[in-house]
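These protein sequences, in sequence, are chains V and Z.
Last residue of the first sequence? That's 236 in the working numbering, and every number before it is there in order.
Last residue of the second sequence? That's 565 in the working numbering, and every number before it is there in order.
Bear in mind the hints are in silico, worked out from the structure with no lab data behind them.
Be aware that a few hints might be false.
[Claimed, not checked] Derived DSSO-like pairs: lysine-lysine, alpha-carbon spacing no greater than 27 Å straight-line: (1) K14(V) to K129(V); (2) K279(Z) to K333(Z); (3) K333(Z) to K184(V); (4) K529(Z) to K226(V); (5) K529(Z) to K456(Z); (6) K279(Z) to K529(Z); (7) K456(Z) to K226(V); (8) K129(V) to K9(V); (9) K456(Z) to K279(Z); (10) K466(Z) to K456(Z); (11) K163(V) to K129(V); (12) K226(V) to K460(Z).
[Stated by the list, open to error] Just a few of them, taken from the derived set where beta-carbon distance is under 10 Å, the chain Z residues facing chain V: (13) L256; (14) R319; (15) L322; (16) I324; (17) R329; (18) K333; (19) I342; (20) I345; (21) F349; (22) E352; (23) W354; (24) A357; (25) S468; (26) G532; (27) T534; (28) G540.
All residues carry an ideal CB built from backbone N, CA and C; glycine is no exception.
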Amino acid sequence: MNKPSGLLKRGLSKTIIAAAGANLIAQGDDGSPPHFPTQAIYYANHSSHLDFLMLWAIMPAELQPRVRPIAAADYWGAGIRRSIARGIFNAHLVQRYKDRPYTRADEKTTVRTDSGSSPKQGQLTGMTKILDEGDSLIIFPEGTRGPADQVATFHAGLYRLAKHAPHIPVVPVTLKNLGRVLPKGELIPVPHLSTVVVHHPIYLQDDEPQEIFLNRARSILAEELKTEDAVEGDAT
Amino acid sequence: MIGLFDETVVSLFVSIVGILVVATIVAVLLGLRHQGSQSATLKNLNQRIGAWWIMAIGLAVTLLIGETAVVVLFLVLSFLALREFLTIAPTHRSDHKTLVWLVYIIPLINYWFLWEHWYGAFAVLIPVYAFLFLPIRNALVGDTDNFLQRAALIQWALMVCVYAISHVPAIMQLPVMMDLGRQEAEGAPLGSGGAEGALLMLFLVVVVQLSDVFQYVWGKTLGKHPVAPKVSPNKTWEGLIGGVLTATAIGAGLWWITPFTWWQAALLALVSCLMGFFGGLVMSSIKRDRGVKDFGATIAGHGGIMDRLDSLSFAAPVFFHLVRFFFTI
């Protein structure tokens with residue numbers, strides 16, 4: 001595939017960040033710029049189609065070619081979206097539902113569980129292969145987009161990836177306000193200033209049960225969304 | 237004459253550059269004296285002066301290009317101000333479709349009317365049509381939770397960020413109303429306000445911004461008694477009186493760039509500075525309520541666009557209408 005040059009991509013990153021008014025901050029009191037490990041599993045809360053663009057855009061340019069966002073094949077898998085996702089962002093497309101196309105009804109009826117039910121084993125082999133090749137992953141463990149100020153329970157994929165490669169840092173990223181820029185079901189983005197918090201990496205501990213790890217991972221994002229309540233949130 | 241520049245505009249900008257050069261030298265000398273220990277205040281001062289350079293040069297360049305550039309500049313400022321306002325304001329998810337109108341469509345029409353010099357339409361678009369239309373759009377969505385609060389919030393964002401701010405470039409047309417009369421000025425050609433219009437706008441901008449600067453300076457040096465301690469401990473009586481009087485005196489001294497006598501210029505400057513102070517106070521109340529220090533970080537050292545334009549947005553409509561009422565025919 002004919003891929004745009006590095007310069008073009010850097011321009012695109014800058015445009016995405018400026019348009020979303022993104023304020024990139026690192027977790028911790030030292031105020032140092034965020035740290036991006038060479039190889040990592042990045043995960044974030046999911047409330048907007050912009051999330052994956054934003055996560056890609058904040059990556060240092062030299063890491064971008066080796067970061068693979070995981071995107072749903074039912075949304076990004078056809079036509080122009082496919083060319084954008086694959087050609088520019090080097091996304092890895094996965095099937096959310098194995099044997100049939102994903103429909104709008106699924107978004108409403110999806111039951112989110114803490115453990116086990118999804119993802120399908122087939123989805124994971126693609127991702128573990130990417131990790132084995134030395135590339136990084138961007139995943140949204142909630143599985144689908146939700147309200148801007150909430151984090152749904154995580155699917156098990158994050159745990160299985162961490163178990164597959166426990167030495168690879170797992171980097172939590174909190175995206176604030178992107179869900180207000182382009183909420184689920186809306187077509188036209190409305191400008192808000194957003195904040196991207198890159199937290200300290202976490203690792204799967206030896207013998208750490210799936211539920212404990214997933215809750216630990218999730219609560220980092222949930223706590224961060226709760227802070228600075230003033231910037232977030234719906235009418236009270 | 238290039239763009240909206242004439243000799244008077246040039247000399248005004250030369251004075252502004254002179255003040256900024258002095259401010260820069262003072263900041264550099266302060267930095268040398270305290271070398272090594274760069275205090276937070278000093279760093280903030282340097283950032284502020286740097287931002288003032290950019291703002292002064294930006295305004296000069298748009299005035300050199302012409303009226304269209306000035307109108308576009310303020311359209312962009314309104315857009316950025318709305319973005320900051322919506323970020324800290326508690327909008328609801330079901331407001332999204334209304335916000336699309338608020339952000340993309342109404343400001344464009346407002347500034348288009350302004351650009352066409354169609355004052356009658358400009359004056360009523362937002363307070364009549366937009367204020368009735370936006371709640372209608374919200375009601376059609378069907379979410380009635382906190383409906384009144386949400387409708388009021390959206391209208392107020394539009395009032396402050398678009399309607400009030402657009403009265404700054406609207407000032408450029410006042411000299412045409414003074415010369416030809418209000419009726420004849422409708423639909424006057426682009427740039428008809430000329431350098432006189434530019435100077436009248438610069439008079440307000442310079443006086444109100446200097447009022448902010450001197451309130452900060454007097455407040456930092458002498459400030460003891462806060463005006464509204466619950467809103468902002470930094471706004472003191474000493475800063476308010478010192479700053480407003482200093483800026484009013486400067487306004488009186490700038491009578492030669494306006495069509496006014498010195499005491500008329502002084503009175504208009506006084507009212508504008510007081511309105512500017514109250515604008516800052518109201519915006520501080522919003523920020524305090526929402527638990528944020530600034531509206532954003534767009535302008536280094538100053539905060540967001542709204543932190544810099546808060547005083548101007550309250551002063552401009554009042555200045556505009558006082559001049560229009562008392563001086564145009």
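Tested hints:
no.	hint	result
1	K14(V) to K129(V)	violated, 30 Å
2	K279(Z) to K333(Z)	violated, 42 Å
3	K333(Z) to K184(V)	holds, 12 Å
4	K529(Z) to K226(V)	holds, 18 Å
5	K529(Z) to K456(Z)	holds, 18 Å
6	K279(Z) to K529(Z)	holds, 18 Å
7	K456(Z) to K226(V)	violated, 35 Å
8	K129(V) to K9(V)	holds, 25 Å
9	K456(Z) to K279(Z)	holds, 15 Å
10	K466(Z) to K456(Z)	holds, 18 Å
11	K163(V) to K129(V)	holds, 14 Å
12	K226(V) to K460(Z)	violated, 36 Å
13	L256	violated, 27 Å
14	R319	holds, 4 Å
15	L322	holds, 6 Å
16	I324	holds, 6 Å
17	R329	holds, 5 Å
18	K333	holds, 7 Å
19	I342	violated, 13 Å
20	I345	violated, 17 Å
21	F349	violated, 23 Å
22	E352	violated, 26 Å
23	W354	violated, 27 Å
24	A357	violated, 25 Å
25	S468	violated, 16 Å
26	G532	holds, 6 Å
27	T534	holds, 8 Å
28	G540	holds, 8 Å
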